[in-house]
Amino acid sequence: MDGTIPVSIDSGSRPGSRPRASYARRAAIGASYPFRGIYYFVSIREFWPLFVGRLLPLSLISLVVYLVLFTFAFLPQYAFLAIFHGWGAWVNAVVLTLGEGLVIIQGLFEGFFVDECRVDVFDATMIKLGFQHLVSPHRLLFVDAPNAVKMLGKPTSPAIYQPWSIIQIVELIVFLPLNLVPYVGTPAFIIITGTRIGKLSHYRWFQLRGLSKNEQKREIRGLTWDYVWFGTVAMFLELIPILSFFFLLTTTAGSALWAARMEEERRRSRTVVESHFTNARPPSRSPPSRSPPSRSSPPPPYSDNAA
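Per the working numbering, the very first residue in the sequence shown carries number 59; after that it's consecutive.
Just so you know, these hints were derived from the structure itself, not from any lab.
Hints may be right or wrong, so weigh each one.
In silico SDA-like links for lysine to any residue, alpha-carbon gap of 20 Å or less [as the list claims (entries may be wrong)]:
| no. | residue 1 | residue 2 |
| --- | --- | --- |
| 1 | Lys257 | Ile218 |
| 2 | Lys208 | Val100 |
| 3 | Lys257 | Glu229 |
| 4 | Lys257 | Arg276 |
| 5 | Lys186 | Met320 |
| 6 | Lys212 | Leu108 |
| 7 | Lys212 | Gln265 |
| 8 | Lys208 | Gly188 |
| 9 | Lys208 | Glu229 |
| 10 | Lys212 | Gln190 |
| 11 | Lys186 | His196 |
| 12 | Lys212 | Phe171 |
| 13 | Lys257 | Asp173 |
| 14 | Lys208 | Arg197 |
| 15 | Lys186 | Leu315 |
| 16 | Lys186 | Phe171 |
| 17 | Lys212 | Pro299 |
| 18 | Lys271 | Pro221 |
| 19 | Lys208 | Arg84 |
| 20 | Lys257 | Tyr81 |
| 21 | Lys208 | Leu192 |
| 22 | Lys186 | Pro107 |
| 23 | Lys257 | Arg84 |
Here are the simulated distance ranges between beta carbons [unchecked claim]:
| no. | residue 1 | residue 2 | range |
| --- | --- | --- | --- |
| 24 | Ala246 | Ser90 | 36 to 44 Å |
| 25 | Val110 | Gly165 | 36 to 44 Å |
| 26 | Tyr81 | Ser327 | 20 to 28 Å |
| 27 | Ala137 | Pro204 | 50 to 58 Å |
| 28 | Arg83 | Lys208 | 46 to 54 Å |
| 29 | Ala246 | Ala137 | 19 to 27 Å |
| 30 | Ser327 | Ile141 | 51 to 59 Å |
| 31 | Phe128 | Val239 | 52 to 60 Å |
| 32 | Gly211 | Arg276 | 13 to 21 Å |
Where a beta carbon is used, it is the ideal one built from N, C-alpha and C, also for glycine.
Could you put together the complete structure from these sequences and hints?
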């Protein structure tokens, strides 16, 4: 455990103080971080090689996957859904096809080729935002490098952004049929699958802090509402063809921005607590001073050299 007090994303919210406004504000803030990550990633040129050099080829492969699906799977699914959905069938058919593509892409590439790149984006963002002390115990850092990305060396401990599991693929497959439900099915699919993404978005941050599984669960419980909306937006962005890998990196940058904000709040909370206990501590009583014998001249300066 890192020994500090966990704080919510909305440090101003308190139980009993307009909870509806607090929940709405927390949802808006949580949902904003994937978009903030896009702006941040695009505006920092040193991040660009991470996408161009590593994930651009995979994005081109994903384009082929989606072309095949929309050529052979979209129209039959649309025709079937039109029987029940009418004019709105195309929305469900598009999301259903995109979801199928996401299952294929995640199964083939994401867990094996993308996660390492996402760890680099997260760590570099934390370094740029002033939290190098969190990253340095877990990987080699070249402190004389010209930028945060080039500072990153080999990890010295397991480096995982989101733990890959066959369960997440199974969940996508299980919840895909929700798109067959008129009107509410597609939003429900995005929110349910996005919630899992949101809850895993700070797995790397918890690693850097050295939290145990129980401590991670406690922090996730305190931010579940925020993670739902962060993950919902992230899931929506992942469904965009061709750009899904790009948005994986920008969402990672957004999660690091969010973690940095909460780290700053934790730091302020710790400072307040420490100052409170310091001020509350009674002044120490020093023993009555005895006047030293008078000296005709001041003592010589201290030296550790033996005479």
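We went through each hint and held it up to the structure:
no., hint, result
1, Lys257 - Ile218, "14 Å, holds"
2, Lys208 - Val100, "17 Å, holds"
3, Lys257 - Glu229, "15 Å, holds"
4, Lys257 - Arg276, "12 Å, holds"
5, Lys186 - Met320, "15 Å, holds"
6, Lys212 - Leu108, "15 Å, holds"
7, Lys212 - Gln265, "16 Å, holds"
8, Lys208 - Gly188, "16 Å, holds"
9, Lys208 - Glu229, "37 Å, violated"
10, Lys212 - Gln190, "15 Å, holds"
11, Lys186 - His196, "16 Å, holds"
12, Lys212 - Phe171, "16 Å, holds"
13, Lys257 - Asp173, "16 Å, holds"
14, Lys208 - Arg197, "13 Å, holds"
15, Lys186 - Leu315, "10 Å, holds"
16, Lys186 - Phe171, "24 Å, violated"
17, Lys212 - Pro299, "32 Å, violated"
18, Lys271 - Pro221, "13 Å, holds"
19, Lys208 - Arg84, "34 Å, violated"
20, Lys257 - Tyr81, "17 Å, holds"
21, Lys208 - Leu192, "17 Å, holds"
22, Lys186 - Pro107, "16 Å, holds"
23, Lys257 - Arg84, "15 Å, holds"
24, Ala246 - Ser90: 36 to 44 Å, "22 Å, violated"
25, Val110 - Gly165: 36 to 44 Å, "24 Å, violated"
26, Tyr81 - Ser327: 20 to 28 Å, "22 Å, holds"
27, Ala137 - Pro204: 50 to 58 Å, "56 Å, holds"
28, Arg83 - Lys208: 46 to 54 Å, "38 Å, violated"
29, Ala246 - Ala137: 19 to 27 Å, "23 Å, holds"
30, Ser327 - Ile141: 51 to 59 Å, "56 Å, holds"
31, Phe128 - Val239: 52 to 60 Å, "22 Å, violated"
32, Gly211 - Arg276: 13 to 21 Å, "32 Å, violated"
This entry does not satisfy hints 9, 16, 17, 19, 24, 25, 28, 31, 32, going by the numbered hints stated previously.
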